[in-house]
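K.L.:
The primary structure of each chain is shown beneath.
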Amino acid sequence: MPILKDRLTPALGALTLVLLLAGLWLSLTAPADVNQGLLVRLMFVHVPTAWLSYLAYGGTGLFGLLYLITRQRRYDRLAMSSGEIGVLFTVATIVGGMLWAKPTWGTYWVWDARLTTTALSLVVYGAYLLVRGLIDDPERRARVSAVIGVVGTLYIPVNYMAVEWWRGVHQTQTLKLLGGMNWGAAPVYGIALTVMTVAFTVLYLYLLRVRGILAVRQERREEREFELPEPQGTPLSGAGVRRG
Amino acid sequence: MTTPASQLPQARRRKKNPLPYLLAGAVLAGLLAYIIFGNLAQSIEYFVTPTEYQAEKASLQGRTVRIGGLVKAVSYDRATLDLHFNVTDGGATFPVVYQGAVSDLFKENQGVVVRGVFNARNVFQANELIVKHSEEYRVPRSQGELKDMLKNAKDANAEGQ
Numbered sequence: 001m002p003i004l005k006d007r008l009t010p011a012l013g014a015l016t017l018v019l020l021l022a023g024l025w026l027s028l029t030a031p032a033d034v035n036q037g038l039l040v041r042l043m044f045v046h047v048p049t050a051w052l053s054y055l056a057y058g059g060t061g062l063f064g065l066l067y068l069i070t071r072q073r074r075y076d077r078l079a080m081s082s083g084e085i086g087v088l089f090t091v092a093t094i095v096g097g098m099l100w101a102k103p104t105w106g107t108y109w110v111w112d113a114r115l116t117t118t119a120l121s122l123v124v125y126g127a128y129l130l131v132r133g134l135i136d137d138p139e140r141r142a143r144v145s146a147v148i149g150v151v152g153t154l155y156i157p158v159n160y161m162a163v164e165w166w167r168g169v170h171q172t173q174t175l176k177l178l179g180g181m182n183w184g185a186a187p188v189y190g191i192a193l194t195v196m197t198v199a200f201t202v203l204y205l206y207l208l209r210v211r212g213i214l215a216v217r218q219e220r221r222e223e224r225e226f227e228l229p230e231p232q233g234t235p236l237s238g239a240g241v242r243r244g
Numbered sequence: 001m002t003t004p005a006s007q008l009p010q011a012r013r014r015k016k017n018p019l020p021y022l023l024a025g026a027v028l029a030g031l032l033a034y035i036i037f038g039n040l041a042q043s044i045e046y047f048v049t050p051t052e053y054q055a056e057k058a059s060l061q062g063r064t065v066r067i068g069g070l071v072k073a074v075s076y077d078r079a080t081l082d083l084h085f086n087v088t089d090g091g092a093t094f095p096v097v098y099q100g101a102v103s104d105l106f107k108e109n110q111g112v113v114v115r116g117v118f119n120a121r122n123v124f125q126a127n128e129l130i131v132k133h134s135e136e137y138r139v140p141r142s143q144g145e146l147k148d149m150l151k152n153a154k155d156a157n158a159e160g161q
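Sequences listed follow chains W and A, in order. So that you can map any letter, position 32 of the first sequence is 32 in the numbering used here, and since no number is skipped, the others follow by simple counting. So that you can map any letter, position 108 of the second sequence is 108 in the numbering used here, and since no number is skipped, the others follow by simple counting.
For the record, the hints were derived by calculation from the structure and aren't laboratory data. Some clues are possibly wrong.
[Claimed, not checked] Here are some chain W residues pointing at chain A (derived, C-beta under 7 Å):
1. T107
2. A127
3. V131
4. G168
5. V169
6. W183
7. A185
Quick reminder that beta carbons are idealized off the backbone N, C-alpha and C, glycines included.
Construct the entire structure; sequences and hints are all you get.
P.N.:
Below is the structure:
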């Protein structure tokens with residue numbers, strides 16, 4: 001991949017910026033909700049961050065699966081990048097959710113099924129990143145973490161359905177997808193939420209690309225350091241590496 | 001390959017500092033333990049309904065429970081923060097007392113989850129009150145609703161000062 005001639009990344013970045021600005025404008029001008037007033041605007045950040053974390057964890061599973069099938073290292077790099085983005089945005093979801101919960105529920109945190117499974121995802125994907133750091137052999141690291149990433153994808157349906165399966169405090173989905181699609185809020189909120197969700201989706205693609213490019217450079221540097229003492233010899237761990 | 005072991009390429013590999021990994025591992029283990037032990041006492045269902053409590057009264061009597069239902073007959077003293085209301089699901093109704101500030105969303109017919117125990121007079125002494133809110137959001141439909149909303153916001157502001 002010619003890094004210097006990359007036009008897609010800045011284009012994604014610019015599109016993210018434009019969409020985010022448009023989404024923010026729509027969010028900050030959305031009228032007050034009849035029950036919770038302006039607090040409803042937190043939804044336009046909280047829901048998209050949660051969506052992005054699902055997307056990112058899904059990406060970790062998908063790229064992990066692709067790695068296991070094709071054994072191409074670039075899929076491993078994308079899986080790792082996606083995992084890091086997922087953890088980052090899960091934390092953002094939790095922080096945004098806590099700020100919304102305090103004035104509405106009256107507390108920052110409750111151990112209901114939705115919130116508990118969200119916290120558990122930090123353990124699962126924290127372990128995913130930790131395991132990656134502990135294994136030196138790149139092929140083994142990619143293999144082991146791909147398995148964790150694929151199994152970890154179970155988190156997405158469990159967390160999504162947690163509000164339906166178990167009684168909790170977290171409200172159920174406003175946008176019902178199962179059993180007939182239904183949007184349970186004013187259309188004006190739907191527009192703002194849609195624009196923000198699209199913006200965060202593009203943001204994910206942008207961050208994934210940026211992190212993937214960083215991962216390539218990191219890998220090359222490590223290989224260079226590793227190969228330095230014996231430039232004429234066969235690199236031990238670099239053998240069979242296909243660069244994306 | 002007759003080079004002595006000390007000159008093999010592996011020896012050039014940067015030695016990783018294990019401290020960050022140990023710290024990260026400890027944090028993850030701590031978080032997992034907190035999640036597990038923090039939830040041992042309760043089931044995955046966050047609360048029981050008044051009807052369920054009524055049915056399992058014998059086994060739940062005297063124990064700290066969470067009851068979730070709708071709020072009825074609110075009386076709130078803003079000076080002393082004493083709150084009295086009934087929690088109901090239509091099947092069973094229990095009187096609840098709570099002391100402290102409540103969320104602005106707390107009102108008649110709102111869903112709540114209260115945690116506490118029944119006292120000797122069969123009144124539920126709540127020490128934790130969580131207000132549930134609906135997943136439906138809508139803008140005021142009429143002038144009347146808008147005025148109510150503004151009035152409530154003004155009241156809430158006045159309380160905060």
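K.L.:
Would you pick out the hints that fail for this structure and give their numbers low to high?
P.N.:
3, 6
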